[in-house]
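If you want the building blocks of each chain, they are given just below.
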Amino acid sequence: MQKHAKETSFESWHHEYADGLFRFCFSKTSSRDVALDLTQETFMRVWDTLHSGKHIENPRALIYTIARNLIIDHYRKKKPDSLDVLHDAGIEFGEKAQAENSTAYNDALRVINTLPEVYREAVYLRYVEELKPREIAEITGETVNVISVRITRGMQELRARIEGKTKT
Amino acid sequence: MKNEQDILNTLKNVTLTAEERSLLHTRLGEYRALKPLPENVTLPGRMRSPFSVFDFGRSMPALASFFILVFVGGGVAQAAERAVPGDLLYPVKTAVNEEVRVAFAGSPEAQADVEAWRAERRLEEAQQLAVKESLTEERKDRLEENFDAHALRVEERIALISENDPVLATELASRFEASLTAHEAILASLETEKTESVKEKVRSRLAKIGEAKRYASVSLRKSSDDSPNTRMFAAEVSLKTAAPEVEVAQFSLMAETDSEDDVSASATLPPTEDTTRYAAAAERMRSAAKDALEKTGKIYQEKRAVLSSEQQRRVELQLATARDRFSEAERMLQDGFSSEAFFEFERVLFSMNTLNVLLNNDTSRIDPPRLRIIEIEETHDDNDEPETYENEESRF
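Which chain is which? The protein sequence lines are A and B, in order.
All the letters of the first sequence, read from the start, carry residue numbers 498 to 665 under the working numbering.
All the letters of the second sequence, read from the start, carry residue numbers 483 to 878 under the working numbering.
Keep in mind that a hint or two might mislead.
Derived DSSO-like pairs: lysine-lysine, alpha-carbon spacing no greater than 30 Å straight-line [claimed, not checked]:
hint: 1; chain 1: A; residue 1: Lys551; chain 2: B; residue 2: Lys785
hint: 2; chain 1: B; residue 1: Lys681; chain 2: A; residue 2: Lys500
hint: 3; chain 1: B; residue 1: Lys622; chain 2: B; residue 2: Lys517
hint: 4; chain 1: B; residue 1: Lys777; chain 2: A; residue 2: Lys574
hint: 5; chain 1: A; residue 1: Lys551; chain 2: B; residue 2: Lys614
hint: 6; chain 1: A; residue 1: Lys551; chain 2: B; residue 2: Lys517
hint: 7; chain 1: B; residue 1: Lys690; chain 2: A; residue 2: Lys551
hint: 8; chain 1: B; residue 1: Lys517; chain 2: A; residue 2: Lys503
hint: 9; chain 1: B; residue 1: Lys614; chain 2: B; residue 2: Lys517
hint: 10; chain 1: B; residue 1: Lys614; chain 2: A; residue 2: Lys503
hint: 11; chain 1: A; residue 1: Lys574; chain 2: B; residue 2: Lys517
hint: 12; chain 1: B; residue 1: Lys614; chain 2: B; residue 2: Lys785
Cβ pair distances, simulated, as ranges [said to hold, decoys possible]:
hint: 13; chain 1: A; residue 1: Lys551; chain 2: B; residue 2: Leu642; range: 15 to 25 Å
hint: 14; chain 1: A; residue 1: Arg573; chain 2: B; residue 2: Ala689; range: 30 to 40 Å
hint: 15; chain 1: A; residue 1: Glu504; chain 2: B; residue 2: Ala762; range: 41 to 51 Å
hint: 16; chain 1: A; residue 1: Gly550; chain 2: B; residue 2: Lys614; range: 27 to 37 Å
hint: 17; chain 1: A; residue 1: Glu504; chain 2: B; residue 2: Gln560; range: 33 to 43 Å
hint: 18; chain 1: A; residue 1: Met541; chain 2: B; residue 2: Asp623; range: 29 to 39 Å
hint: 19; chain 1: B; residue 1: Arg564; chain 2: A; residue 2: Asn566; range: 22 to 32 Å
hint: 20; chain 1: B; residue 1: Ala802; chain 2: A; residue 2: Gly550; range: 46 to 56 Å
hint: 21; chain 1: B; residue 1: Leu570; chain 2: A; residue 2: Met541; range: 41 to 51 Å
hint: 22; chain 1: B; residue 1: Ala592; chain 2: A; residue 2: Glu513; range: 51 to 61 Å
hint: 23; chain 1: B; residue 1: Arg583; chain 2: A; residue 2: Lys551; range: 23 to 33 Å
hint: 24; chain 1: A; residue 1: Glu513; chain 2: B; residue 2: Glu682; range: 28 to 38 Å
To give a feel for the contact side, a few chain B residues facing chain A, derived at Cβ under 8 Å [as the list claims (entries may be wrong)]:
hint: 25; residue: Thr497
hint: 26; residue: Glu501
hint: 27; residue: Leu775
Simulated from the structure, these hints should not be mistaken for laboratory data.
Cβ atoms here follow ideal geometry from the backbone N, Cα and C, with glycine treated the same way.
Pulled out of the complex, with its shape left as it was, chain A reads as follows (with noise of 0.2 Å):
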């Protein structure tokens, strides 16, 4: 790939995953501005990649771990705390989520961060950003029969918990 294959590449990889990959950090962070700032550093760092020379195989799966990265290093450095701690703590990503959206997606991100954050994880970028269990399983380094029982559990609980809130 030329110089300017690889820059037509970046170019439609910008295209392409821009929309998502806001979503996604947005999913994760509850603000529009450091979601921006975290999809702009993604993008760079995907620059960076083509200018190293190095061979890009599945761009939307590299995309998606560089941001993965970048919002838990956003996490890091924001909370003293591990993630972990965290986790454990019961605190989870997005779940102070300010009203820059609508109601309707609030209330759809309140529903989903119920769900443990591995199965939301998968859940998410099954059905939300539309990647192939092989993708996820590329993006969070587990294997693709995992990730397809985190799918399917993580559908059957979110299923339970819409049942479970409409009966009450």
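Chain B: place on chain A using the hints.
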């Protein structure tokens, strides 16, 4: 908030505003201007040959000179086709000849074909070097790396095709799987430890391509069903990739049979959307299997003279078995067992593609091992389970 699908759809509503998009575009533009890509970009992994003369720091001029050489030198490109790692013309083979084919492969199907072809060529090169006892560790590592990269791209293209045309995806996966199976047998027949790690790579890819094929089968189930439950089904079935028999059980439901006892009943059921779709899918697989049967028959006639009488007997037996299977699958299709017929046709396709690769192998170099390969194939065939519809499917 009605159900989980509504919730997930609601989450999709967030997008960049025009202002945010513009800001992002401007900032990234500035960053790119500050850090432009180097002009003299070396060929990335998928194009760079490990044995390339380009490795000596003359990438672009060397590339240009090779192109000139090809255009001026007439038969150079053709001569390079026989090159193996270590030969002077090997870089022409990989970085010129093959890249030209890549450049002309527009559709995902063509791309999958080209990448499969390249992966197979790397295996053939490993075989040839092993026979010549010049498969050094370095060459082997590079060949494995390149094989892996091409095979990965085949899987990606198949995954892409699965979304829109699962039958074609199954066919492509089956073809590649057959080729890898044949090459694995050839490598095993070489009886040298040097190719052990190559075989491992092939096995690992075989597992992946098998998964891609199963995924395509699942996509076939959901191809005309875009209801919210469809995605759930896909997730549930993909979960079963580690236990193919469970998936096949699910898959066989498409013939509208609830249990093995009900197999005969399905023929009397009125056609449903599923059965109609499967009949169409089986018809397409039938066509592919028929082509493969005819092609293999022709190749056999061409190669017959160089085969020993024992080898001829074995190949003819395989061809006859495949023809019987094909006829059986046609009967299944006529009787309304579309999903079973689909799998049976696919099996014929697989066996014929495997035989194709074996027949096209260079007999002059590895003739004795080939005899063993054909023995392996025949034994494998003889050891198959009884030909009940259920057992045929359990392969998946």
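Structure-based check of all given hints:
1. Lys551(A) x Lys785(B): Judged against 30 Å, a Cα distance of about 44 Å means the pair is violated.
2. Lys681(B) x Lys500(A): violated, 36 Å
3. Lys622(B) x Lys517(B): violated, 37 Å
4. Lys777(B) x Lys574(A): Distance ~63 Å between lysine 777(B) and lysine 574(A) Cα, so the pair is violated.
5. Lys551(A) x Lys614(B): The given pair, whose Cα atoms are some 34 Å apart, is violated under the 30 Å limit.
6. Lys551(A) x Lys517(B): The given pair, whose Cα atoms are some 16 Å apart, holds under the 30 Å limit.
7. Lys690(B) x Lys551(A): With Cα atoms ~24 Å apart, lysine 690(B) and lysine 551(A) stay inside 30 Å; holds.
8. Lys517(B) x Lys503(A): holds, 14 Å
9. Lys614(B) x Lys517(B): Distance ~48 Å between lysine 614(B) and lysine 517(B) Cα, so the pair is violated.
10. Lys614(B) x Lys503(A): Distance of about 40 Å is beyond 30 Å: violated.
11. Lys574(A) x Lys517(B): holds, 27 Å
12. Lys614(B) x Lys785(B): This hinted pair holds, its Cα atoms lying about 23 Å apart.
13. Lys551(A) x Leu642(B): 15 to 25 Å: Distance hint for lysine 551(A), leucine 642(B) holds at roughly 22 Å.
14. Arg573(A) x Ala689(B): 30 to 40 Å: holds, 36 Å
15. Glu504(A) x Ala762(B): 41 to 51 Å: Cβ of glutamate 504(A) to Cβ of alanine 762(B): about 43 Å, so the range 41 to 51 Å holds.
16. Gly550(A) x Lys614(B): 27 to 37 Å: holds, 33 Å
17. Glu504(A) x Gln560(B): 33 to 43 Å: holds, 35 Å
18. Met541(A) x Asp623(B): 29 to 39 Å: holds, 33 Å
19. Arg564(B) x Asn566(A): 22 to 32 Å: violated, 46 Å
20. Ala802(B) x Gly550(A): 46 to 56 Å: holds, 54 Å
21. Leu570(B) x Met541(A): 41 to 51 Å: holds, 42 Å
22. Ala592(B) x Glu513(A): 51 to 61 Å: Given a distance of about 22 Å, which is not inside 51 to 61 Å, the answer is violated.
23. Arg583(B) x Lys551(A): 23 to 33 Å: Holds, at about 24 Å.
24. Glu513(A) x Glu682(B): 28 to 38 Å: holds, 36 Å
25. Thr497: holds, 5 Å
26. Glu501: violated, 10 Å
27. Leu775: violated, 33 Å
Hints 1, 2, 3, 4, 5, 9, 10, 19, 22, 26 and 27, counting from the list given before, are not met by this structure.
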